[in-house]
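Chemist: Residue numbers (my numbering), protein chains in the order written: chain A, 1 to 309; chain B, 1001 to 1338; chain C, 2001 to 2323.
Calculated directly from the structure, the hints in this document are not laboratory data.
Where a beta carbon is used, it is the ideal one built from N, C-alpha and C, also for glycine.
Keep in mind that the hints are not guaranteed to be accurate.
As a list, the in silico BS3-like pairs of lysine-lysine whose alpha-carbon atoms are at most 27 Å apart [claimed, not checked]:
| # | chain 1 | residue 1 | chain 2 | residue 2 |
| --- | --- | --- | --- | --- |
| 1 | C | K2034 | B | K1134 |
| 2 | C | K2034 | B | K1190 |
| 3 | B | K1134 | B | K1091 |
| 4 | C | K2237 | B | K1091 |
Selected chain C positions facing chain B (in silico; Cβ < 7 Å) [what the hints assert, rightly or not]:
| # | residue |
| --- | --- |
| 5 | D2219 |
| 6 | Y2220 |
| 7 | G2228 |
| 8 | L2240 |
| 9 | R2241 |
| 10 | G2313 |
| 11 | D2316 |
| 12 | P2317 |
Where chain C lies over chain B, by a calculated footprint (3+ residues, C-beta under 8 Å) [claimed, not checked]:
| # | segment |
| --- | --- |
| 13 | 1057-1069 |
| 14 | 1100-1108 |
| 15 | 1116-1127 |
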Amino acid sequence: MTDGSTVLTKPAAPEPGSDGLSGDGMTRVHEIRRGLRRFMKNRLALIGLIFTLGMVLLAVFAPVISPYPEDAGLKVHFDKQLMPPDRDHWFGTDEVGRDVLSRLLFGARISLLLCVIVLGIAFAIGVPLGLCAGYFEGAVGQVIMRITDVVSSIPFLVLALAVSAALSPSLQNSMLAIAFIWWRSFCRLAYGETLSLKQEDFVMASRSIGASHRHIMFREILPNMSSTLLVKITLDAGYAILVGTAVSFLGAGASPPTPEWGIMVASGRHYLPDSWWVSLFPGLAIFFTVLSFNLLGDGLRDFFHVEVE
Amino acid sequence: MSLNSQLEVRNLSVHFHTIDGTLRVIQGLNLQVSPKEMVGIAGETGCGKSVTAKLVLGILPMPPAQVVSGSILFSGTDLLTLSAKDREGVKQQIAYIPQDPMTSLNPTFTIGSLLLDAIVWRQSGGSLIRYFRKRHTGREVRNAREYAVDLLSRVDIPAPEQVMRRYPIELSGGMRQRVLMATALIGHPKLLVADEPTTALDVTIQKRTLGLLQEKIEEEHLAGIYITHDLGVARNICHRTYVMYAGTVVESGPTKALLDRPFHPYTAGLVRSIPKLTREPYEGIPGQVLDYLNPPEGCRFHPRCSRRMAVCRQTSAPEYRVEKDRWVACHLFSEKDG
Amino acid sequence: MLLVVMGVSVMMFVLVRVVPGDPIGRVLGPMAKKEDIEKMRRQMGLDRPIPIQYFNYVKGVTKGTLGMSLVEHRDVSDIVREKLPATLELVLVSIFFAVVLAIPLGVVSALYRNRLLDHINRLFALFGVSFPQFWSGLMFQLFFGYFLSLLPMSGRIAGEPPLHITGFYLIDSLVTLNLAAFFDSLVHIISPAVILGLGALANVTRLIRANMIDEMSKDYISVSRATGMPGFIISYKYMLRNAFSSSLTMIGFLIPLMLGTAFVVEKVFAWPGIARFGADAIISNDFNGVVGVTLVICLAFVIVNFVIDILYGFLDPRIRLSR
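Here chain A stands alone, though its shape is the one from the complex:
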């Protein structure tokens, strides 16, 4: 992507001994270097990467860096209820006197765990299904895709709510519920990619030398959709957090005293507008995390020149 404001760059000095003729095209190293240069130019993507890594670090080290780690659990401090942000409690305290900041940090662990579980399961179920559907087509493919269609025609949130509620609301169940429905878009994506990659020459070459179906699917086709999948995982991570916290907000997910961002916003709602900090900061945390994933995903999308839904 050429930046319109690129100034005249100094033409590369010809290497000694070169007669100006290029070799037979770019080498792999050259391509990677080129891609990296593009990524670096995309400052937003870099910011996304830094922020995302920052969030992960914060979550991982939450028990160590929270000022009041015990507030993440059952500890209550009725003497410190609803205190505005100050030097001791940077983000204030909630309705039972717990430090909002500490709870946010532990909430990060929950949300990131959600991402890992949801995306892990969705990937593990959806991608092989989509691969098979796309590769074998025929009756098998049709059946798989029809089922996917049925599941796809309901918005994520609705289905997540329904399944979670059906399983009796709890944090784990909401995570499982979301994981249970998330596979559909991975399946769709894998299906589409497989269909188009199937036509490529390397597949036919492999087949002609007698490679097994499994080899072709998992050793040839799958690696070629890895960039698309990577972008999808990154962008979906953000979206999964949005859905997860929404489910909890509506009451079908985590329940107090779990320091989950969604219910923190929900319980803080009762104390608006006076104790605005109780709802504000968890929401900001969600926003910030999702934004980081989106920035990173966007940057990766540019980097790989990929079109993902």
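With chain A held as given, fit chains B and C onto it using these hints.
Modeler: Then chains B and C, alone, in the frame of chain A:
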């Protein structure tokens, strides 16, 4: 250079800025076209002929591209120094016949719609307000429609009123090409730039289209530039031809003479590489296409030239006039410069 | 497509019935006697095997009933009829707002791409999709409703609703020339529509931008440029029409997506729509409520797809003529 020229390109150099560096695409290009003459620009893919055409037409995207030096004189005015608005005005006098008729017409508009837009715009003197008014006045639209139908019939399109109502997808490749020619003729242009317009068509349609082109050049006193990689076509319809290699003109002159007795080693190689039924093994030109990032010092062709000399490695050759109307950019002819 | 609707209905039907725990018990309260619970179960047909229940349900649908709701104690079809227009109105206004704003934003972004305006736009778009709607809804409510007192905090209308013709307050009030009701409902729909539409706005802008950029490199655009057509016409007439029709399918998919987000937005703004009812139904395991709402959402999806298909053919002659 003659005073009668419609278009004169002088010492043009163009660079492309990409993420990998700067591509020195055009280097010291000179050419000239007069009214009623069809001039060919021949060369391999990637030699810069399309870039030159796009620059003349004003459709070369100007970040990435940058004109480093030179001028393009059209009716005496340097196009490169014009303001954006003036440049758009000049575009109406330069007609374009694109290469691929299948992708050159907007698929979601009818032929009539596209033609009317162009015709009414030309009558609006650069004012959008006047354009919108005219475009929706019954009388203006009717006149424009008559003109459009007339144009279509002049390029041998049957049942023009019906064609006006059609979408591009409903027309064949040959028809679409003729519609494009009709569009090109709106408003009596002075220069016609045809970018390999027959490559996408089959041979019989090709012949017809070429014939039509020649007719129009004659009738309308147009100056024409025909870009091609096919020397046979050049021979057919171009009075004079410029042979381009790696962004510069290596040889120019009357087409038949040029092809019968090529002077520049590259031209000779091109002519030799045309497969003929009578000759045995046909030869290509050894070597590979130029790397525009790191072009060689001196003559850009010297790495592939079988007749290169020491001086070729150091300086590129200016255009030496070898015969009355033949120029060659090759050190082999430095003494013959007359 | 009808198959999909059926599939969904079966799925939801079964789902709500394999629930661990006893929703009937919950509804009747902890004081309920065992016989009353049993009576209610029999009344609702819950003692029959599931396929028979489903059969009876479908029979009921053909007769126009969607079963009894545990939450509101009336027929779900009545509830749908009453609340659906509210949600539809909200979603349609949101999409309208999103698309109408997205077109100029997307076009300008594409024309000035990689320049400051574009970067700012893209940044805003990224921001827009990163907000948790329940939270941004709350903040919006707080800021505009409470602190600035510019917009109402919740609800659909403060005064008397206009005469019921379509169920869409905005249309009904205009048609009956009830200007007071019109402005009242307008002012109430702004907040939820903005929050609901924000994510869509970001997506559609990016979509239009991408499609416009695709158009820029098309041959027929350079031909028009070479012919001397002015930039304005090329961008807004030639490029936009193609870019927009390519975006239509995605825009169509936004509607079901929004129906999902509506669950949260309706709750925050106390919007009396079917999504809010749906959320309550799901939480209380209101069998018929859940199945009914899902059915409706599904149907909406199918209808939207159908309409998009037709619109698509209208805008792109290639599709129309190849049919």
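Chemist: Mind checking the alpha carbons of B:K1134 and B:K1091 for me, to see if they're no more than 27 Å apart?
Modeler: 21 Å, holds
Chemist: Under 7 Å, Cβ to Cβ, is where C:L2240 needs to be relative to chain B, so tell me if that hint holds or is violated.
Modeler: 10 Å, violated
Chemist: Taking the least C-beta to C-beta distance, is C:G2313 closer than 7 Å to chain B?
Modeler: 12 Å, violated
Chemist: Under 7 Å, Cβ to Cβ, is where C:G2228 needs to be relative to chain B, so tell me if that hint holds or is violated.
Modeler: Cβ of C:G2228 sits 4 Å from chain B, so the hint holds.
Chemist: With a cut-off of 8 Å between beta carbons, are at least three residues of the segment 1100-1108 of chain B near chain C?
Modeler: Since 7 is at least three, the answer is holds.
Chemist: Are C:D2316 and chain B close enough, Cβ to Cβ, to be under 7 Å, as the hint says?
Modeler: Given a least distance of 6 Å, the restraint on C:D2316 holds.
Chemist: For the pair we were handed, C:K2034 and B:K1190, check the Cα-Cα distance against 27 Å.
Modeler: 97 Å, violated
Chemist: Mind checking the alpha carbons of C:K2237 and B:K1091 for me, to see if they're no more than 27 Å apart?
Modeler: At roughly 19 Å apart (the allowed maximum being 27 Å), B:K1091 and C:K2237 satisfy the hint.
Chemist: Can we keep the C:P2317 interface hint, with Cβ of chain B closer than 7 Å?
Modeler: 4 Å, holds
Chemist: Can you verify the interface hint for C:D2219: is its Cβ closer than 7 Å to any Cβ in chain B?
Modeler: 4 Å, holds
Chemist: Can C:R2241 be said to touch chain B, with a Cβ gap under 7 Å?
Modeler: 5 Å, holds
Chemist: Test coverage of the segment 1116-1127 of chain B by chain C using CB-CB distances below 8 Å; three residues minimum.
Modeler: Satisfied; 5 residues make the cut.
When each numbered hint is compared with the structure, violations occur for hints 1, 2, 8 and 10.
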